[in-house]
Amino acid sequence: MSVELRAVRKNSLGALEDPLFDGLDISAASGAHVGILGAQKSGKSTLLRMICGTEPVDDGLVERTSRVSWPIPLNSFLIQTSSVATNIRFVGRIYGISDNEFPRRIAELGAIADFLNVKLQKCPRFVTARLAFALGVGIDCDLYLFDERIIPPDKDFREHAVKVVERLKEQRGLIVATKIPAEVEAHCDSVYVLENGRASYFPNVATAIEHFKELMKAAQKRKTSEAAGGPDNDDEGGAAEIGDIDLIGAAL
Amino acid sequence: MLKLLKTQFDVVKALALREIQSQQANLAYGYGWVLFDITLSFIGLLILKLVIRAFNVPGLPVITYLVTGLIPWFLFSSAYIAPAAAIKRNQRLLSLPGVTPLDLVLGSSLQLLCTYGLFFLVAATVSSFYEKSSFPHFPLGVILLFLSCWLIGVSFGLVLMVLTRLYAPAGKFVGFFMRFAMITSGVVISIKMFPESIWPYLSWNPMLHVEELIRVYWFPGYASPVANPAYILECVVVLMCAGLLLERYVRRRLPV
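Protein sequences appear in the order of chains A and B.
In terms of our numbering, the first sequence opens at residue 844 and continues consecutively.
In terms of our numbering, the second sequence opens at residue 42 and continues consecutively.
Just so you know, these hints were derived from the structure itself, not from any lab.
Heads up, the beta-carbon is just placed ideally off N, CA and C, and yes, glycines get one too.
Any given hint could be a false lead.
If you only want the chain B side, here are some residues facing chain A, beta carbon under 8 Å, derived [unchecked claim]:
#1 45
#2 48
#3 49
#4 51
#5 58
#6 59
#7 125
#8 126
#9 129
#10 130
#11 135
#12 137
#13 143
#14 262
Simulated crosslink set (DSS-like; lysine-lysine; CA at most 27 Å straight-line) [what the hints assert, rightly or not]:
#15 129/B / 962/A
#16 962/A / 1012/A
#17 44/B / 965/A
#18 1066/A / 1056/A
#19 173/B / 47/B
#20 54/B / 129/B
#21 54/B / 44/B
#22 884/A / 1066/A
#23 962/A / 47/B
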């Protein structure tokens, strides 16, 4: 087993709200390609952080028996005033890589070799996104975590990224947490669907997507009826809920 | 276990190098500021010592005496502020698996040790040559005491960080207390110049023992009535255990 979460509880930030997760069980074997489908604000990113160990759980057990990446394409640790190479070298050192060729390899992986010695703040915006992707997949891990998308939404980089991910999938496991069913359909062998703070396991991807879509439709119906007929709703509350419906619609 | 230690060593090394690089990259606010801070305090205290000659210890060179007291004190006072500041400044790095708040503290405080160590070496050499005074007769002792200043500072900083998270104004009380502590730590005024009746109370302060012992190991003729190396060791061990345990305890219960 590569990663296992058993009876995990994670409280919401608001003390009076229901817990984000309660009795959550998830496992990913080494080399498995697992999808996690969840609606907006269902705690997907928090779950990925719990899996990689940067977010503590309030109760339960998280067991990691292999090296897990951070949620890709996380880029908050990049220093804008440093060059691309300095950023790569820093992350490399954190993971014990002192190889001089490492910055060049990562830059080639992200197709940003021309910007290697340029300060990140002076680079075009796509460089940060590509660097975050390349660093994530370039550090040797047994299990790679992806937040929302596996392939970055960069047209010029897409073809290259697909090749990199395909190569990665042949040798390593991955977990993608997303609200986009197409992502799990394209890359995963099994799926967990997040509902009411728990995860339901589906060994069949198509069944999981079907279940997720039904959940979304039910949620949309509930929101629509609440927004239209709720006598207690004031204007502000109604507007916020219509916003939620848009987000659910996007997921569908 | 060894693998875990190697991982932490890699992380701390990377963070310390990053701190040093950013200090070198911004000379005006990095080494420049440290140099300015030390020089200003040094000149102020030197004037004080030259004008009010009663503070001088007979037979000891004034400038070297000040250098051997002031720079270790500055290391201590910077090190105790470092833990909270390092975590606040580098909070975004905690999103990388393997990087813990303690690593950020160690990385930042290692950079402080290197900076003040370098200044101490240069300033002590220059002042010793200028005043034609002797070099330390027990250099290893001075190095260990300099390290003790750093360890006491970082450990005290970890305890203080926890106290400040539990009760925010705690930091302000400590700031006031430190101004008083600098006078009674033997940085400028030797313990012998205080009334003998208060020695037992002043000698609770581990920094007084460190400052006095540095002079004992540096100047052959200097003898301290209170300095005790065992007490310094006890304080380092107790403070370090308390700091590490408290940091570990609040890491999950009181996130930054």
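Any hints this thing doesn't respect? Which numbers, in order? 1, 3, 7, 8, 9, 10, 13, 14, 16, 17, 19 and 23
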